[in-house]
Amino acid sequence: MDLLKVSNLSTSFFTDAGEVKAVRGISFFLNEGKSLGLVGESGCGKSVTALSLINLVPYPGRIIAGNIFYRGKDLLQLESKNMLDVRGKEIAMIFQEPLTAFNPVFSIGSQVQEAILTHQKVSKKEALNKASKLLEDVGISQEGVIENYPHQLSGGMRQRAMIAMALSCDPSLLIADEPTTALDVTIQAQVLELISEIQKKRNMSMILITHDLGIVADRVEYLAIMYCGKIVEYSLAKELISKPLHPYTSGLIDSIPDISRREKPLRTIKGAVPSLLNLPKGCSFCDRCFMVDSLCRLQEPQLRDIGAGHMVACHRV
Amino acid sequence: MWKRFRKNKLALFGAVTVFILCGVALFAPWFAPHDPVSIDVDHILEPPSAGHPLGTDELGRDVLSRIIWGARISLAVGFVAVGISALIGILLGAISGYYGGWFDTVIMRFVDVMLCIPTFFLILAAIAFLEPNIWIIMAVIGLTSWMGVARLVRAEFLSLKEREFILAARCVGASNFRIIFRHILPNALSPVLVSVVLGVAGAILVESALSFLGIGIQPPTASWGNILASGKDNIEIAWWLSVFPGVAILVTVLAYNLLGEGIRDAIDPRLKK
Chain C
1 MDLLKVSNLS
11 TSFFTDAGEV
21 KAVRGISFFL
31 NEGKSLGLVG
41 ESGCGKSVTA
51 LSLINLVPYP
61 GRIIAGNIFY
71 RGKDLLQLES
81 KNMLDVRGKE
91 IAMIFQEPLT
101 AFNPVFSIGS
111 QVQEAILTHQ
121 KVSKKEALNK
131 ASKLLEDVGI
141 SQEGVIENYP
151 HQLSGGMRQR
161 AMIAMALSCD
171 PSLLIADEPT
181 TALDVTIQAQ
191 VLELISEIQK
201 KRNMSMILIT
211 HDLGIVADRV
221 EYLAIMYCGK
231 IVEYSLAKEL
241 ISKPLHPYTS
251 GLIDSIPDIS
261 RREKPLRTIK
271 GAVPSLLNLP
281 KGCSFCDRCF
291 MVDSLCRLQE
301 PQLRDIGAGH
311 MVACHRV
Chain E
1 MWKRFRKNKL
11 ALFGAVTVFI
21 LCGVALFAPW
31 FAPHDPVSID
41 VDHILEPPSA
51 GHPLGTDELG
61 RDVLSRIIWG
71 ARISLAVGFV
81 AVGISALIGI
91 LLGAISGYYG
101 GWFDTVIMRF
111 VDVMLCIPTF
121 FLILAAIAFL
131 EPNIWIIMAV
141 IGLTSWMGVA
151 RLVRAEFLSL
161 KEREFILAAR
171 CVGASNFRII
181 FRHILPNALS
191 PVLVSVVLGV
201 AGAILVESAL
211 SFLGIGIQPP
221 TASWGNILAS
231 GKDNIEIAWW
241 LSVFPGVAIL
251 VTVLAYNLLG
261 EGIRDAIDPR
271 LKK
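Chains as they are written, first to last, in the working numbering: chain C, 1 to 317; chain E, 1 to 273.
Hints are supplied without guarantee of correctness; some may be wrong.
To be verified - In the DSSO-like style, the derived pairs of lysine-lysine whose C-alpha atoms are separated by at most 27 Å in a straight line are:
id, chain 1, residue 1, chain 2, residue 2
1, C, K89, C, K133
2, C, K34, C, K73
3, E, K161, C, K89
4, C, K21, E, K161
5, C, K238, C, K270
6, C, K264, C, K281
7, C, K200, C, K238
8, C, K81, E, K161
9, C, K281, C, K270
Rather than coming from a laboratory, the hints here were simulated on the basis of the structure.
Please put together the full structure from these sequences, using the hints given.
Pasting the structure below:
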């Protein structure tokens with residue numbers, strides 16, 4: 001059964017300069033226990049998608065259309081009071097920068113404890129025991145860390161604590177929004193390993209958001225590539241990496257740095273992302289695409305299934 | 001932070017003085033050598049002596065004992081009045097800073113209006129209609145001095161509510177109430193602490209002034225202000241009746257101000273030398 005089914009989700013920011021269409025009608029689904037990687041460059045709407053899923057789009061943004069069905073219920077129709085029970089308990093989130101995501105005046109332990117107390121009817125002592133158990137699960141077992149304040153921990157430790165907090169109420173869906181961007185490369189691998197390990201062990205569903213195709217490709221089952229607020233290609237991860245169809249996807253894969261070809265300059269995708277305030281009429285990728293033709297400039301391609309669940313939004317495929 | 005505070009000699013002096021004053025006020029019956037209200041017509045307006053270290057007033061009451069009991073009144077007025085103003089200020093500031101919108105506009109314009117009215121005259125006007133007892137004075141001072149705290153708290157909330165840990169708190173399902181009081185308020189308290197400590201000094205001064213003018217604490221209850229008032233009547237023959245309560249007010253207000261400024265400097269990392 002679908003755990004999460006998003007259809008035609010659109011989120012816009014109404015700024016003084018005009019309507020910024022951050023997410024433009026995206027649809028996807030996620031089954032229980034499965035994982036989806038949401039990949040795209042900065043500003044393509046990944047994080048806004050994540051915030052839309054838990055209905056926390058910051059002002060002046062607003063979800064303007066679409067449905068988000070979670071276990072059959074439309075989250076966008078829920079009253080804000082009932083939404084509080086979904087956040088944290090059903091859908092948990094891990095943020096990019098764990099230092100700013102923790103409250104600086106409370107200790108790590110008490111913050112995890114509080115997350116537990118928000119949703120579970122247990123005594124403070126039990127919650128604290130559970131918190132230390134959770135911290136152990138994510139590899140923080142040293143004495144005393146539970147009493148440390150966020151600024152006293154290293155980046156990797158903080159991100160582990162963040163994961164512990166996200167797991168505190170056994171969510172069914174974990175959204176990790178660039179969980180390793182603020183970490184250095186060696187810690188990055190450890191934390192990602194930890195996240196996928198926990199996801200498999202607890203049979204959670206997961207949406208892993210990143211701009212780095214290389215780090216998610218072998219850790220998720222499905223991949224969705226986003227560009228300018230739209231999903232341009234969606235498929236099983238293996239299939240998408242080995243047979244990318246959308247020119248943007250192949251560009252992304254080509255631009256992963258490869259240490260064996262260090263003599264040559266890094267490959268990039270030419271051009272720049274168009275402004276979300278002023279998108280081209282046709283395909284939003286047309287100005288950067290190497291196989292662009294006249295149709296691309298006139299009509300926006302729709303996501304279509306080209307067999308075996310591999311979906312792509314491109315006229316030329 | 002404590003280390004930086006300790007290096008500041010003046011702040012330390014303020015803290016110690018405040019501590020001693022609180023002790024004296026709390027244990028006034030043990031410290032006062034005489035009954036502050038017992039009249040002794042045989043010893044009126046006596047200069048300082050061994051029996052009466054700070055002399056006696058026009059009814060023969062011991063000035064030292066009256067100052068000690070007066071400390072109780074002054075500190076009580078200071079704390080309660082500031083407590084009231086901090087409570088109102090924090091609540092209104094937190095709600096208007098967090099929710100914004102029309103509520104914020106209304107509250108902040110109301111603050112502007114309140115700040116336009118000279119506080120002391122507002123207090124005088126209020127006291128003129130009400131019976132001047134200690135509770136009324138506390139309430140009136142508290143109700144006319146919350147605006148600064150409200151503005152401070154609102155400003156802190158405006159910036160803190162945009163921080164990512166608030167978003168993170170929302171993501172674990174924290175309600176608005178919980179976010180305001182558990183997550184934002186503890187982060188906003190340090191400037192409030194400074195303003196509260198300085199506010200105590202201000203409230204003590206206002207109470208003394210009211211009592212001096214005869215519309216504050218009423219005799220025979222001792223307060224520094226009304227001892228000064230009786231000192232004014234006898235200033236040519238009994239200097240001790242004006243000097244000692246004056247010194248008490250000076251030292252207390254100075255101590256609170258030094259303490260408040262010391263805390264501010266200790267909290268503010270930019271002043272780190």
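Structure-based check of all given hints:
1. Taking the CA atoms of K89 of chain C and K133 of chain C, the gap is near 18 Å; set against the 27 Å cutoff, the hint holds.
2. Distance check on the hinted pair: K34 of chain C and K73 of chain C sit about 19 Å apart at the alpha-carbon level, within 27 Å; holds.
3. With a C-alpha separation of about 22 Å, the suggested pair K161 of chain E and K89 of chain C falls inside the 27 Å cut-off, and the hint holds.
4. Between K21 of chain C and K161 of chain E the CA atoms are separated by roughly 25 Å; this keeps the pair inside 27 Å, and the hint holds.
5. Annotation: proposed proximity of K238 of chain C to K270 of chain C holds, straight-line Cα distance about 26 Å (limit 27 Å).
6. Our distance criterion of 27 Å between C-alpha atoms is broken by K264 of chain C and K281 of chain C, whose separation comes to about 36 Å.
7. For a cut-off of 27 Å, the pair hint linking K200 of chain C to K238 of chain C stands: about 18 Å separates their Cα positions.
8. This hinted pair checks out: K81 of chain C and K161 of chain E have alpha carbons roughly 20 Å apart, not beyond 27 Å.
9. Between K281 of chain C and K270 of chain C the CA atoms are separated by roughly 20 Å; this keeps the pair inside 27 Å, and the hint holds.
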